[in-house]
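J.: Top to bottom, those sequences are chains A and B. Position 88 of the first sequence, counting from 1, maps to 88 under our numbering, and the rest follow consecutively. Position 391 of the second sequence, counting from 1, maps to 391 under our numbering, and the rest follow consecutively.
Everything labelled a hint here was simulated from the structure, so no lab data went into it. Where hints are given, some of them may not hold.
[As the list claims (entries may be wrong)] Simulated pairs of lysine-lysine, BS3-like, Cα-Cα distance not exceeding 30 angstroms:
1) B/K537 x A/K92
2) B/K275 x B/K244
3) A/K92 x B/K16
4) A/K145 x B/K16
5) A/K55 x A/K92
6) B/K89 x B/K16
7) B/K537 x B/K623
8) B/K452 x B/K16
9) B/K452 x A/K145
10) A/K15 x B/K22
11) B/K444 x A/K145
12) A/K15 x B/K122
13) A/K92 x A/K73
14) B/K567 x B/K598
15) A/K73 x B/K22
16) B/K244 x B/K623
17) B/K122 x A/K55
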Amino acid sequence: MVTVTMTVNGRQVSKEVEDRRLLVDFLREDLGLTGTHVGCDTSQCGACVVHLDGKAVKSCTVLAAQADGGSVKTIEGLANGADLHPLQAAFKEHHGLQCGFCTPGMIMSGVDLIERHPDGLDEKTVRVELEGNICRCTGYHNIVKAILAAAEEMRGGMRQAAE
Amino acid sequence: MTVEGIGARVARKEDKRFITGKGRYVDDMAVPGMKHAAFVRSPHAHARIGSINAEAAKGMPGVIAVLTGGEMAADGIGNLICGWMIHSKDGSPMNMGAWPALASETVRFVGQAVAVVIADTKGQARDAADAVEVAWEELPAVSDVTSALAEGAPQIHPEAAGNLIYDWEIGSKPEVDAAFQGAAHVCRIELTNNRLVPNAMEPRAALAQYDAADDHFTLWTTSQNPHTARLVLSAFYNVAPEHKLRVIAPDVGGGFGSKIYIYPEEIVCLWASKKTGEPVKWTGDRSEAFLTDAHGRDHVTVAEMAFDANNKILGFKIDTIANFGAYMSLFSSAVPTYLYATLLSGQYDIPLIHCNVRAVYTTTAPVDAYRGAGRPEATYVVERMMETAARELGVSPAELRRTNFIREFPHQTPVIMMYDAGDYDASLNAALAASDYDGFGARKAEAERRGKLRGIGISCYIEACGIAPSKAVGSLGAGVGLWESAEVRVNPVGTIEVLTGSHSHGQGHETTFAQLVASRLGVPLDNISIVHGDTDKVQFGMGTYGSRSGAVGMSAISKAIDKVEAKAKKLAAHLLEASEGDIEIADGEVRVAGTDKKLGWHEVCLAAYTAHNLPDGMEPGLKEGAFYDPTNFTFPAGAYVCEVEIDPDTGHTDIVSFVAADDFGRIINPLIVEGQVHGGIAQGIGQALLEGCVYDEGGQLITATFNDYAMPRAHDLPSFNVSTTETICPSNPLGIKGCGEAGAIGSPPAVMNAITDAIGNNDLSMPATPEKVWRALRAAGGGMREAAE
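This is chain A alone, in the form it adopts within the complex:
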């Protein structure tokens, strides 16, 4: 057993877990943050993507112990209170989700993608960089649309802030 301490969605948590505890199981089962999903067992599908120290990671491929001392943001921590993150709002507006199972990972990957491309995104870049997230419902059409729309909106927001 090992004691892990980390910040999850701005709140410090500390628990004793099995050495082999995966970060995703720690979030889902020990903290009850079930928005992060498990869709495969080979680090392919991306339903488990969270942000660890500001970077998108597949939480099925990180031990809880590896995240010790780190800061984790999950889908539950993305909105600012009642205000949805622009990408969450864009997924709704553009019908970027159907069954919703891949959605938390898609959104967390999408936010990371947008943040890594502050100068803007094109469709091809979005499609190539979504390689690690599988959706079976949407054909990605509206996911891509939502990410491009949110990226545009967030850039607008940043420009306004800069002015």
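Please arrange chain B on chain A, whose structure you already have, making use of the hints.
T.: Showing chain B alone in chain A's frame:
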């Protein structure tokens, strides 16, 4: 069209919980004292079980029980069933082998469960499952239908001699043969329809809780049809009587058919929860999904089509062998018969059709309905045939189709179906225009200058949804009716709850069903809730598959609304001292037409519940239910055009354009309908280019993870150009045809027709991987650089 009603492009009501991580899927559920199940599965495709030694496992940390099939049988738990009886052409019933939830004597596919470990944690259960020792006596395996039917093939079930489940036909072979005698041209094709794994992103899961005090079970399960699950668990598997079993299908992460069936794991969790006295949860991992979810397709077909000198079709002959895997899954028998052969007329006026289907056991996972179920296989045969025949006849593929389109409705095909409405010219013209079909030659020439090969392919599909009148499916062998139920509960304050037997696992029912209510009763969407997926709340329902929730599920709601509306009008007429016929309901008001006399909707609702002033004989309250049994299948149809560009050096195919023009009848929410089409097309392109479930000769599943089975990813697909044409469906009160499966049905032949057009070789099977395309190109003498050298 109103802002929120029928036809409005409304963003989904259900989205907020999913985009904020608050969805509630089965694996998110936890109950106090919950234990975890892990299954001991066969590593062999075919083996006898000598003995099972669980002593070491039972002593491991946290282990509560190790249970086997022998104990299950002793407790009277029944075998899994197939719910649709098919008779062979000699009149004999299908040959069904026994399928116990936990095998105790023989296993017949890799992954079949033989024992279950119940332990405190998931990890402990898995560790202990690994420690269960099974003495296997291996038997010979057979993975493909040709080998399974061959003389001397391993015998899989004693009930099915030669592994033949049935040998079924539709139509008259002598009549079709006679028609072929007079043909000016006969086109012959051989096709395989590749085996697919549905891969809903949420793996299957079950949580079973037994309450000894009330002798009552609750099952949370990943189901598309919780009431059917309860019925089958109760009536056939003897787990519990229906009134002692509550089945809840909460948020479900996609289904595509794979979550229609009641699988061994659900049965085992229920049984184990009583056996151990503890709540038991099982959540499959992705490899378990690959090994044990019902697979789709897997047909081998030879087809011949006869044409007269004017290119009119004279007759169509089809011979298909369908792989059913090791056991007959719940609706498996209906898929290559009544959901396949009955659609072989396509959009064409074909006077005579004969189709023979042999269903065959192999030592692979069971095969059943996957998005489209039989209709994609039929469309693939018909539309590869039309394109191939056009090339052989030297006419344009569009023209050959137009020459043979059905243009008068209703149209009786020679294979049972009576098409009720359609306009196939309209959808084909729309698709050709949107794809700039006429400009293809210039694009092809431009691609050639860059050293690339361009091809274009058409597919004009038809499908049948709904699924059908219960009496009709009963006469064809179905064990259930295919109606739907609904209850509309108007609260005293005027808000509305709709209880439906349909189940939403991505389709957006909470929005579209509410739009129907909003249109009819003038109530804002926010004041309407859709309740589904819980057998304690909804009395009964047949669930969601076969694109039936609009055409059948919403029709039931519409019928219940009729009754609510009639009662509300009668009450309002009484209160307003007007004639019932003059009352209209709209915009939150109940008015006397042509006057300023009116009541608020909520006032009428409250009056129904205070019951202080009701018309003579009227019961208090405002709640009505309805069952709706469809009068016919519905027939969505459309035209898809795919344009590809192939790199002759690598065989890589790029889909440069994909156009869909669909006729779904009346559309409730275009945003959601487009999403359904996008997803279907992605699955169809996946089938055509990427996905292929592969067993080796020994019955080992080679493609058991997302590393090995190529799921379509964002960069594999283009953005799609989708649009609709509309002929109203006359067979249900809302005019809806259904849109859930069309994309997956229509797209594979469009892609394959485009690729074979580009490479000039028709001998290419799905998935058209770069290697296969490269080889087919070389075989056809293609490959521009080689040619140039």
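J.: Does each hint hold? Answer for all of them.
T.: To see whether the hints hold, each was checked on the structure:
1. Between the alpha carbons of B/K537 and A/K92 the distance comes to roughly 28 angstroms, so the proposed pair stays at or under 30 angstroms and holds.
2. A C-alpha spacing of about 16 angstroms is found between B/K275 and B/K244, which places the hinted pair at or below 30 angstroms, so the restraint holds.
3. Pair hint A/K92 plus B/K16 holds up; C-alpha atoms about 8 angstroms apart against a cutoff of 30 angstroms.
4. This hinted pair checks out: A/K145 and B/K16 have alpha carbons roughly 18 angstroms apart, not beyond 30 angstroms.
5. Simply put, A/K55 and A/K92 have alpha-carbon atoms about 24 angstroms apart, close enough for the 30 angstroms limit, and the pair holds.
6. Proximity of B/K89 to B/K16 is assessed by CA-CA distance (about 53 angstroms); at most 30 angstroms being required, the pair is judged violated.
7. Taken as a hint, the B/K537 and B/K623 pair is honoured in the structure, with Cα atoms around 14 angstroms apart against an allowance of 30 angstroms.
8. For the given pair, B/K452 sits about 45 angstroms from B/K16 by alpha-carbon distance, which is inconsistent with the 30 angstroms threshold.
9. For the suggested pair B/K452 and A/K145, the alpha carbons sit about 29 angstroms apart, so the restraint of at most 30 angstroms is met.
10. Restraint check for A/K15 and B/K22: the C-alpha separation of about 23 angstroms stays at or below 30 angstroms, so the hint holds.
11. Using a Cα cut-off of 30 angstroms, the hinted pair B/K444 and A/K145 holds, with the two alpha carbons roughly 29 angstroms apart.
12. Among the hinted pairs, A/K15 with B/K122 is consistent with the structure: their alpha-carbon atoms are about 18 angstroms apart, no more than 30 angstroms.
13. For the given pair, A/K92 sits about 21 angstroms from A/K73 by alpha-carbon distance, which is consistent with the 30 angstroms threshold.
14. Of the pairs offered as hints, the one joining B/K567 and B/K598 holds, with about 16 angstroms between alpha carbons and a cut-off of 30 angstroms not exceeded.
15. Distance hint between A/K73 and B/K22 is fulfilled; the C-alpha atoms sit about 15 angstroms from each other, no more than 30 angstroms.
16. Between B/K244 and B/K623, the direct Cα distance comes to roughly 26 angstroms. Compliance with the 30 angstroms bound is thereby established for this hinted pair.
17. The straight-line distance between the Cα atoms of B/K122 and A/K55 is roughly 29 angstroms, inside the 30 angstroms bound, and the hint therefore holds.
Comparing the model with each numbered hint stated earlier shows that hints 6, 8 do not hold.
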